[in-house]
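Chemist: Sequential numbering of the sequence shown, starting at 13, is according to the working numbering.
Simulated from the structure, these hints should not be mistaken for lab results. Treat the hints with care, since some could be wrong.
Stated by the list, open to error - Distance ranges between label pairs, derived from CB positions:
| hint | residue 1 | residue 2 | range |
| --- | --- | --- | --- |
| 1 | H121 | A27 | 25 to 31 Å |
| 2 | R118 | H72 | 23 to 29 Å |
| 3 | A120 | G95 | 28 to 34 Å |
| 4 | A27 | Q49 | 16 to 22 Å |
| 5 | H113 | P71 | 28 to 34 Å |
C-beta atoms are modelled at their ideal positions from N, C-alpha and C, and glycine is treated no differently.
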Amino acid sequence: MSDSAFDHLDPTTLADWLDAEAPLTLVDIRDPMSFAQGHIPGSRHLDNASAGALLDETPHDRPLVVVCYHGHSSQQAATWLSGQGYRQVYSLDGGFTDWAHRHPSRVAH
Numbered sequence: 013m014s015d016s017a018f019d020h021l022d023p024t025t026l027a028d029w030l031d032a033e034a035p036l037t038l039v040d041i042r043d044p045m046s047f048a049q050g051h052i053p054g055s056r057h058l059d060n061a062s063a064g065a066l067l068d069e070t071p072h073d074r075p076l077v078v079v080c081y082h083g084h085s086s087q088q089a090a091t092w093l094s095g096q097g098y099r100q101v102y103s104l105d106g107g108f109t110d111w112a113h114r115h116p117s118r119v120a121h
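Throw the hints in and build the complete structure from the sequences for me.
Modeler: Below, the structure is given as structure tokens:
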């Protein structure tokens, strides 16, 4: 991993990882209504209320991908998660907005 607390992940690489069924945890930090209207399949909503459960349930050696709207807020969340002991933390570049544009068939509602 780089010197920063997290690495950037492009949507194409994430799609490849999902296609390969790579073991990873996807967390979406957008507001609950936006998450309900559409999210990457397999992702779980993460907010202050659900952070404790995520920390309890997710192994620290499992890659963690953070998704937000446009790829900005996820960087702060990724830094925080890295500080919680996760060793492979990624922020999805372009966020959900870019993912949905590139992969419209890969959006769960």
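Chemist: May I ask you to test the hint 28 to 34 Å on the CB atoms belonging to H113 and P71?
Modeler: Distance hint for H113, P71 holds at roughly 32 Å.
Chemist: When you take the CB atoms of H121 and A27, is the distance between them in 25 to 31 Å?
Modeler: 18 Å, violated
Chemist: Holds or violated: the 16 to 22 Å window for the beta-carbon distance between A27 and Q49?
Modeler: 21 Å, holds
Chemist: Regarding R118 and H72, is the given constraint of 23 to 29 Å on their beta-carbon distance met?
Modeler: 27 Å, holds
Chemist: May I ask you to test the hint 28 to 34 Å on the CB atoms belonging to A120 and G95?
Modeler: Holds - the Cβ-Cβ distance for A120 and G95, about 29 Å, lies within 28 to 34 Å.
In terms of the numbered hints stated before, the structure departs from hint 1 and from no other.
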